[in-house]
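Chemist: Listed here are the chains, written in short residue letters.
There are 2 protein chains.
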Amino acid sequence: MANAHEYAKANGSQFEKQLDDLLRIKSISTLPECKPDVQQAAEWVAADMKRIGLTTVEILPTGGHPVVYGEWLGAGSSAPTVLVYGHYDVQPAVKSDGWDNEPFDPVIHDGRIWARGSSDDKGQMLAQLKAAESLLANGSKPTVNMKFLIEGEEEIGSTNLGKFVAENKAKLKADVCVISDSGMKTIDQPVIDYSTRGLMYLDFEVFGPKQDLHSGGYGGVVHNPAQAMAEIIAQLHNADGSVNVPGFYDDVLKMSDEERAELRNHAATEADWKAATGVPQLWGEAGYEPHERIGGRPTLEINGFVSGFYGAGSKTVLPAKALAKISCRLVPNQDPNKVYELVKAQLLALTPPTVRSEVRLQASAYPAVMDIHSSAMTAALNAFEKGWGKRPIFERGGGTLPIIADFQRQLDNLPVILMGLGLSGDGAHGPNESFTLEMFHKGIDTAIYFYEELGK
Amino acid sequence: MANAHEYAKANGSQFEKQLDDLLRIKSISTLPECKPDVQQAAEWVAADMKRIGLTTVEILPTGGHPVVYGEWLGAGSSAPTVLVYGHYDVQPAVKSDGWDNEPFDPVIHDGRIWARGSSDDKGQMLAQLKAAESLLANGSKPTVNMKFLIEGEEEIGSTNLGKFVAENKAKLKADVCVISDSGMKTIDQPVIDYSTRGLMYLDFEVFGPKQDLHSGGYGGVVHNPAQAMAEIIAQLHNADGSVNVPGFYDDVLKMSDEERAELRNHAATEADWKAATGVPQLWGEAGYEPHERIGGRPTLEINGFVSGFYGAGSKTVLPAKALAKISCRLVPNQDPNKVYELVKAQLLALTPPTVRSEVRLQASAYPAVMDIHSSAMTAALNAFEKGWGKRPIFERGGGTLPIIADFQRQLDNLPVILMGLGLSGDGAHGPNESFTLEMFHKGIDTAIYFYEELGK
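Chains as they are written, first to last, in our numbering: chain G, 1 to 456; chain Z, 1 to 456.
Relax, there's no trap hidden among the hints.
One copy or two, either will do: identical chains are not told apart, so a pair holds if it fits within one copy or between any two.
Derived SDA-like pairs: lysine to any residue, alpha-carbon spacing no greater than 20 Å straight-line:
#1 Lys95 with Gly311
#2 Lys210 with Gly278
#3 Lys386 with Asn3
#4 Lys210 with Pro431
#5 Lys95 with Leu31
#6 Lys274 with Thr351
#7 Lys210 with Glu270
#8 Lys163 with Lys173
#9 Lys210 with Asn101
#10 Lys390 with Ile187
#11 Lys210 with Pro92
#12 Lys17 with Glu6
#13 Lys185 with Asp110
I should point out that these hints are in silico values taken from the structure, not numbers from a laboratory. No experiment lies behind these values; they were computed from the predicted model shown.
Please build the complete structure, drawing on both the sequences and the hints.
Modeler: Have a look at this one:
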């Protein structure tokens, strides 16, 4: 009987084929018209769970998109239990955003599979499922119990998952949670993120005249809402790059000098950041290095805006309104609901009496920080060392995994391990998202080692 | 034989039916896909000119959309010749902009005909043509020669008309030009605009990272282009509402104290402006009253902008670029090309080194001012007094009629009379554009009086 690592190696191309299948499902959670696709992705995941031998597989409804749950508890009640979290939903994508291929028609070249969700998170989530498959294959008996919680609303702030976790504490009880939904800079140096940022996302709308006006007949007499919005947005950052929202930094847990020194050891250089993004010069909060601004500091971002006429040619309209999508990434101990109230108050305070504005909360998630000294973390370090041949370094992550804070708060401070398998250049959330096949296979191997380490 | 005024009255409903026909043609000059519709509108106008008895009717090609020309020179070489200018093209419009009806499916209610172009300029232009029809009807012989120049590119800055006029000086030779393409505040008080503003329209694009990025992975390290654009736009006006472009006001011809006092006599109140626009408070350049800011001062307007994600829900993208459409209304003696260079230089100067930007000229037109003491102007005043029962007041117009400066410069300083038949509330360039049928019929009657006055 082949061991789990040999099974994974022998079935590598089959695993890639399965990833290709899943990537073809347009499971964009934020678009109402994709609801059937999201459901289809849930069913695909459930079917795969059943096929690989999980003993209880359910598609569980929530207030939004369903959760897929599967478990294998054959290691017995004295063995440790690992809870695997991942998500099958993806960000929006259309080819015209700048993709070289159709985002839901995956192609493989340059050692990568190119499709929306390949890295975030279908590829990474599937690596965990394929590790479980390898452990369960050939009738072998893993030494760890496994529970899989794969949700469909991560990209829209996991709106309904907190409630689901609170209502299913017994079902989700575990000794450690592992999540593959983050990344490292290069394939040579594995990384474990030990913090994630929270999120607060809002719509900000400015209203001027009751309808679009002729710019010649009214320009100079009414305050143009696009101009007013620009004037408000321009005041949301100070000249030093800090966020100009009273109280915004009040609850920020400062990084210690030791932590900053440790993080600096492995930090990307300014040249690395410029090469990765193509910008002529970096930007950000003064007093913090780029990796600190991503991992340890909160930010405020304009995710998009629209007003008036923006087509080809010239339309001399004075628009009636302008809309901006604004979000903040938060760090411990910021509370997204409190930050929403602060940003909302500032947006309304910055709105001049010449226009009217509205603020509407769209999504929110708590930040989280994880214990790097837990026994589960030691198991993860050992697993990476075996899977990669190199001990991982610790970093602070810039992204948001709403579920971590929920797990910590609802499930007795459950230790969470971020086994990120993405790479910085994967293009998550942007066009031409891709996932390195070598990371996929190394990730499966490392996850197997992790389960083995936990069950020792 | 009925006189021209009786003919116009008897044929009023027929004239409305013809206007309805013309409004159904989607002659949006800025949209390439509407080119056949623009051509169709030109053919409609030419056919009507032939039907009413103009003796030379031509659809003349330009570098863009064609010019429709028609003339009747039966009054003889000793009689004065009037050149009528108008345009058959319209601004873009789709119902989703906020229209209550399909913008190219006219409806009549509340004494108005509702459709794109009803006021600007198909309705006003047709009033002139129907005046000519009335004068020529029943075999009567007008005492004035008439030339009609109806173009198809007014809404895109009359790009090719200047060249057309320069190349057709003899054909267009006239003693006075009349244009119905402006308006008055109320139907009770006729107005003659004696100045129009020029226009400079540009695209401004800001480029940041080479592609859209994950806001969690890069927010706080690169300068968000939407934010950078907002920060640049916010600097284009000073706190006092003046335009912050070095040199912008250098060539502005100041209004005299006498002129300002005269204009103040009939000026709309702040309450009028607020009622017309629905804004909570007016805005604009300090030191000038609202009507002065519209008629006598240059402005800079954001006609629209777009960046990143602006749909429903939340997409945590850091956009790669942002686009704004920016235009200036200009007054004598500003030169649109010089102003373009000034604004471009300021936009580039305000672009921080963290992003890259591009500026592209889209359209330009010269401002114009007209002699209020010419004999043609006296004829216009008399005509309005007969048609309206009230002497017109003089105002400065805020809109742009690129052709006026071209006529003045190419055709021996040809006197131009603006016989505006629109009303401020017509909604030109915005949704629910409409044209008052009473203005249509009064306009036809007044235009007949004008031709009669000129031919005395």
